[in-house]
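Undergrad: Below, each chain spelled out in residue letters.
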Amino acid sequence: MDKSVADLATAVAGIEDGMTVMIGGFGGAGAPIELIHALIDRYRASGHPKDLTIVNNNAGNGHVGLAALIETGMVRKLICSFPRSADPVVFTDLYLAGKIELELVPQGTLAERIRAGGAGIPAFYTPSSYGTDLAKGKPVAEFDGRSYVQERWLKADVALVKAETADTHGNLTFRAAARNFNPLMCMASKEAVVQATRIVPAGVIDPENVVTPGIFVQKVVEVAHPQQEEDLNRANAVYPGAV
Amino acid sequence: MDKSVADLATAVAGIEDGMTVMIGGFGGAGAPIELIHALIDRYRASGHPKDLTIVNNNAGNGHVGLAALIETGMVRKLICSFPRSADPVVFTDLYLAGKIELELVPQGTLAERIRAGGAGIPAFYTPSSYGTDLAKGKPVAEFDGRSYVQERWLKADVALVKAETADTHGNLTFRAAARNFNPLMCMASKEAVVQATRIVPAGVIDPENVVTPGIFVQKVVEVAHPQQEEDLNRANAVYPGAV
Amino acid sequence: MTTKLTNNQIAWRAAQDIHDGAYVNLGIGFPEKVAQYQPRGREAIFHTENGILNFGEAPPAGQEDWDLINAGKRAVTLKPGASFFHHADSFAMVRGGHLDVAILGAYEVAENGDLANWSTGPKGIPAVGGAMDLVHGAKRVAVITDHVTKDGKPKLLKRCSLPLTGVGCVTRVYTSLAVVDIEGGRFVLKEKLPTLSLDELQAVTGAELLVAGPVADLIVPEL
Amino acid sequence: MTTKLTNNQIAWRAAQDIHDGAYVNLGIGFPEKVAQYQPRGREAIFHTENGILNFGEAPPAGQEDWDLINAGKRAVTLKPGASFFHHADSFAMVRGGHLDVAILGAYEVAENGDLANWSTGPKGIPAVGGAMDLVHGAKRVAVITDHVTKDGKPKLLKRCSLPLTGVGCVTRVYTSLAVVDIEGGRFVLKEKLPTLSLDELQAVTGAELLVAGPVADLIVPEL
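Residue numbers (my numbering), protein chains in the order written: chain W, 1 to 243; chain B, 1 to 243; chain X, 1 to 223; chain V, 1 to 223.
The hints are simulated quantities; they were obtained by calculation from the structure and are not laboratory data. It cannot be assumed that every hint is accurate.
As the list claims (entries may be wrong) - Calculated lysine-lysine pairs in the DSSO-like style (CA-CA distance at most 30 Å, straight line):
hint: 1; chain 1: X; residue 1: K73; chain 2: B; residue 2: K77
hint: 2; chain 1: X; residue 1: K73; chain 2: X; residue 2: K158
hint: 3; chain 1: W; residue 1: K136; chain 2: V; residue 2: K190
hint: 4; chain 1: X; residue 1: K139; chain 2: B; residue 2: K138
hint: 5; chain 1: V; residue 1: K73; chain 2: V; residue 2: K190
As the list claims (entries may be wrong) - Every beta carbon over 10 Å from chain X, so not counted as near; a handful from chain W, in silico:
hint: 6; residue: A9
hint: 7; residue: G14
hint: 8; residue: E142
hint: 9; residue: E208
Built from N, CA and C at the ideal position, the CB exists for glycine as well.
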């Protein structure tokens, strides 16, 4: 079994018009910049994929990574918790112009909905957002005298994920807080596509230290020197362009 | 911060009559034999704690560990998925005599109910047990054309847990398949009491390799040479007795 | 009647349908035998509910590590690329549809796909384990079983009489006499022992066997 | 009116109530200051939603590791005993009641414990982050805030006018003028600046301040 693929273009080849794509990362930590840029390249060359629904905690920053994806015009809808960041002008302009949809989800609910999607739990109850505008239209129920909101699972066709080490079976480790949503998105997508700083033979990662077992991963591609969104933005990088 | 306690008796001192106690382990792997035996010692010396509700995957084997706890008469009710094992005569006899209650839960539902208890999710839906006797009396709901059973969280007053390495903050690693229910039970209990093969200073365990973060753990006690239920049973050990 | 397949032979037949790279859960007991008969050149990854992916054969007697066991509490070994995880993650794999195949034993299977394999009724100690989870989630849920009970009664039935493990969950049954698919709430015969007539097979089956296409000979090596 | 406390002084006061060994989440921005004022001899463990327990101060400029950030996306460092975990585990800590204290900022706090701190209304881009999760689950949810808005209007109100973050969730408010508890759906004054009269304080508070016991002087060092 070898889940590694040769290049980034092959890695993102399975994404089609109208798909839901989860993208890992919280801010720049764990953001799979190279996979996102490969997807932008494909769109610019072919006009596809478009009308994507993207799931991410944020709405991108500056003009690279997720922000660049949005700027390119491929994204129909964003599901996220915090689209207001340091420099999200790309999303802000499109949103205020009514050109992109937003589904705003509390961060913990977003994480749990994604986990539920991966774990086969179609719905669950959470206290988060009870009594607020974000609970409008959702079923509520009382358990042990307290009120809760029912939330539905969230699944995706594809997840784009950044890992530190991957083995050929797709077992993954992450780096520091770059872990964030990445393991959950692997679980919740039909095809989890992972860029890893290194790909090693099966057996190299200690079974005790595997964070995401390979069963949740379909493709891995090595990106030995991944770019960090924060560094790119501090250099005012623009993609495509002088990245 | 130092969550380590000096001895097993201190570790189990917080368990009172009528409490719900989760006990880690699947078969003998990850079963906190020494903590269980310390609890039996306390009961034999003082008559307390009694009327316990125990949550475990199984019903014990032979006459040590959980089986010995049940045999001692401290347990009013067992919540488990598989009380029929190699040698569960202790539970079998008491159950058939109507002297112990049983709540039978599918194994995956048991795990998820415990995680839900730890994660603040009061209820969730699962396909498991739909249409079976174990779903009787539980609410059902349809999502996307498929039927699901509503299950409630499961929490405990105390969890007895076996880990491999603990640090003074209560960060834990486990050993192989001895992990099983142990991390979940730490999450779902007010007081997670952990026996670890070694206790190390905070900072020794790589933050990447912590399986259970210390926030879920209240007490750790070192048991440098833990007994393995399977070995004890193969030697026909009986507790208390020639263990 | 013809000589039926042995359990090893049923397990062998089931193993032939496991594709390279498949993630597979084998139920406790008889289904565990399937792992022995993986076709050469194919690499399946075995999952056990208690938290291991990619475990291998039992170690030699005396070399067991009792922290390294499968759901049947038997000692196993690890293969390269193995991983450990807790029970909630393990059943996320099961319930979340990540397993390609689950192969289970059965007391009864009904033509509507219902399975009964956890309880023989109100007497004795009930015990369910992971069976009710495994029947939901795996992309393909198959059963391996003798075609009839020890008393000679059919195990493939119109409706189950014993307490159900799952509703409408089984898609293929490998028996000691035949391979039967469940399609649209009916048993569809796919393979049968060549020495057995359709009438003979129908006589020991508790619901109608449809023949919706060619019925292949069920040919299995001596094992 | 008397000189109000600076943000640093409000943060200092809030820090005095954090017990040794407490697990604490500090909201983005102003609440992050609380970490600087941990009393000597007490060790709190700080949690950040994006998956770190026991992080420490910012590294020197130029030595940032942008994979090691807090929920405010600022670079942090690690203290001994730190751990990393994914977002679902992180919010299990939050929602599951494992944090001892969450300290958040506020646009408005109501006497019934309602909090509004995520949206100033329908204009602009809505963004909620982890606030709606943090207000549920932590054993104690405290707010630090100026006592009034920049326009001098009360932020402690009978009922919130802005979109709610959580219902009945706040138990203590540290302001630039006072420390106020929420008990039984009422504001109960616990401490006030010694130079400020009760009437003066009431005049800038949008709901009645109960005095149900001794009111201590709110005394804070120069910072």
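Undergrad: Does each hint fit the structure? Answer for all of them.
TA: Checked hints:
1. Between K73/X and K77/B the alpha-carbon distance is near 24 Å, which keeps this suggested pair within the 30 Å criterion.
2. At most 30 Å may separate the alpha-carbon atoms for a hinted pair to count; K73/X and K158/X exceed this at roughly 34 Å.
3. Taken as a hint, the K136/W and K190/V pair is broken in the structure, with Cα atoms around 36 Å apart against an allowance of 30 Å.
4. Our distance criterion of 30 Å between C-alpha atoms is met by K139/X and K138/B, whose separation comes to about 26 Å.
5. Between K73/V and K190/V the CA atoms are separated by roughly 35 Å; this puts the pair beyond 30 Å, and the hint is violated.
6. Its beta-carbon lying about 23 Å from the closest one in chain X, A9/W satisfies the requirement of being farther than 10 Å from that chain.
7. With a least CB separation of 17 Å from chain X, G14/W remains clear of the 10 Å interface cut-off, as annotated.
8. The beta carbon of E142/W sits about 25 Å from the closest Cβ of chain X, which is more than 10 Å, so the claim that it is off the interface holds.
9. Non-interface call for E208/W relative to chain X: violated, since the shortest CB-CB distance, roughly 6 Å, does not exceed 10 Å.
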